[in-house]
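Q: So the chains spell out like this:
Protein chains: 2
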Amino acid sequence: MPEDFEKAPANATPSHADVLAAAARIAPHAHVTPVMRSRALDAIAGCELHFKCENLQRVGAFKFRGACNAIFSLSDAEVARGIVTQSSGNHGAAVALAARLRGTTATVVAPRSTPKVKLAAIAGYGARIVPCEHRQASRDEVTAQVLAETGGVLVHPFNDPRVIAGQGTAALELLASAPGLDALVTPVSGGGLLSGTCLAAHGIDPAIELFGAEPEGARDAHDSLHSGTRITGRVADTVCDGLRSELGTLTYPILREHLREILLVDDAAVVAALRLIWERMKLVVEPSAAIALAVVLAHRERFAGRRVGLVLSGGNIDLDGLPALFATGRSE
Amino acid sequence: MPEDFEKAPANATPSHADVLAAAARIAPHAHVTPVMRSRALDAIAGCELHFKCENLQRVGAFKFRGACNAIFSLSDAEVARGIVTQSSGNHGAAVALAARLRGTTATVVAPRSTPKVKLAAIAGYGARIVPCEHRQASRDEVTAQVLAETGGVLVHPFNDPRVIAGQGTAALELLASAPGLDALVTPVSGGGLLSGTCLAAHGIDPAIELFGAEPEGARDAHDSLHSGTRITGRVADTVCDGLRSELGTLTYPILREHLREILLVDDAAVVAALRLIWERMKLVVEPSAAIALAVVLAHRERFAGRRVGLVLSGGNIDLDGLPALFATGRSE
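Protein chains in written order, with the numbering used here: chain V, 1 to 332; chain W, 1 to 332.
Keep in mind the hints are simulated off the structure, nothing from the lab. Fair warning: there could be bad hints in the mix.
What the hints assert, rightly or not - Anything over 10 angstroms on all C-beta distances counts as not near chain V; from chain W, calculated:
| no. | residue |
| --- | --- |
| 1 | 77 |
| 2 | 258 |
| 3 | 306 |
Stated by the list, open to error - A short, non-exhaustive set of chain V residues, derived as facing chain W with CB atoms under 7 angstroms:
| no. | residue |
| --- | --- |
| 4 | 55 |
| 5 | 56 |
| 6 | 278 |
| 7 | 282 |
| 8 | 284 |
| 9 | 322 |
| 10 | 323 |
| 11 | 324 |
Yeah, the Cβ is synthetic: ideal placement off N, Cα and C, and Gly gets one too.
Next up, chain V with everything else stripped away, as it sits in the complex (with noise of 0.2 angstroms):
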């Protein structure tokens, strides 16, 4: 991703008081999402499981609290030239409703690898879809031209601090739900929802642990803390596909001041925590947000007997694609 793109957004590091602005901000638009107990998965976790159902959130995840407060950030001025973002899921959703919401229009470039109902998803809610190719440097050269050309505003899918303000949001309500939590744990990609939570969790209590739930297919925000570099440029294989970003600028130094580990979990995991959630608290989650529940139960030790929030970020999945899924988790 060239300087230029990730820079484009205001690039100063947010805040708690941000966090706290932001829930100001989303909360005419935003649903405050319930947060659910299962007697029968903590019983099995062997601790206290909170999970924070932003799989019930608009458009079916979290993306949409970063999305709409970015955008309800913004001048009159600068919304009337549109919004711009670049995503191949969740997030396009959130910004073409956020958009919507604002009375403005959203151009969302998205690779022509596009799973068809997320598409539908995006133009569904009135965007205009840009297709590119499915490699990084396609994705940022079309986003360029689309910023030139229309003279829109970007919101970046997780490198900026309006967005990780506003994904925040989830942990303030959460913590508010469920007072005096030991630990969150929640699923790391660009890591926008992950450093927000940081900043909403370690300015009510900075002895909360906080935890990223990461696959091993797509380890490197996990290798990155561990090294003390941001590592990019790898290619992810995992069935979490809204976990296949790399950390950002803005993110990576906010997760190495505040997280306390990155747990690993491989795809069978995250499929067996799936089918778990499903069958137990009857909630549609996609893979990407099993994984919170994934390495609570894979680094167990750790959670004994504890009070442990997850956020389960997310229930966009094809139905259609279950049965492939599913015989991930067996052959494992």
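Please build the complex by placing chain W on the supplied structure of chain V, with the hints as guidance.
A: Quick look at chain W alone, frame taken from chain V:
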């Protein structure tokens, strides 16, 4: 079903007051389940939908309400004799859990054809399972044997006033959460949930229109009400595995008195509605629950512009059976 089996429990018709008493009795044990909305489904249906999420009830189905009310209505002396029922599904699990909570034992007579996951759920709550053959005569014979041997107390799946009153508590909660609904739609099988809904709703507002939702392949309740005779002895053929029973002697007259209509849909419509609920609401429901939305979509002229409550009756489904279920939806 032999008369002595049907009449084993008290056979007085329950009242609205019995539903209120049931609500108080089960309050320490049952969940007050959420009522959920969906902008997307309102737009698709052309009316205002309020979904009572009994898939989030304990044991994953409304059945816990009736079983709990019946078992907590018993005297200590009766309870000490143990509970007996026959079930191939959610009622068996509900009786098993309610019996355990009351500190007694349960015996569930279940056909050998019962899916392993459902047997595992029943056994998981500590009940003894006694196998029988699939045909009703075998179920009744084995149940009678178990009753004779154990001296236990029968809790019938639906033809029991305490069970009916317990099931009615779901509609009480729905109407407390969404006052002034114009209509309620509830699945119908043996009629326990639907007749309890009748007593609950018309005790609050006699003008509420009450509808049953029934599969074309198990339309005995529809045909019974149209012919004026309770039909028995048919073989059901539907993907709604919870809707294959026939009306009971207690439930049939309640439906005759209160019901506006029983609406029919085919299995393809049920599967399409199930997919909508999974995809748009992110809720795992079983086919027998999705049928409520299916009838609203299939009979939309009856509901256009109105405020409609639907009971999502349960969420217990074998995920490995999904490809076959979805194929049903496509082939018809």
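Q: Would you mind marking each hint as holding or not holding in the structure?
A: Now the hints, each set against the structure:
1. 77: With a cut-off of 10 angstroms, residue 77 (chain W) remains clear of chain V, as the shortest Cβ separation is near 30 angstroms.
2. 258: Holds, because the least Cβ-Cβ distance between residue 258 (chain W) and chain V comes to about 29 angstroms, which exceeds 10 angstroms.
3. 306: holds, 24 angstroms
4. 55: holds, 4 angstroms
5. 56: holds, 6 angstroms
6. 278: OK, holds: residue 278 (chain V) within 7 angstroms of chain W, min 5 angstroms.
7. 282: holds, 4 angstroms
8. 284: For residue 284 (chain V), the interface hint holds, since the closest Cβ of chain W sits about 4 angstroms away, which is under 7 angstroms.
9. 322: holds, 6 angstroms
10. 323: holds, 5 angstroms
11. 324: violated, 10 angstroms
Against the hints set out earlier in the document, a violation occurs for number 11 only.
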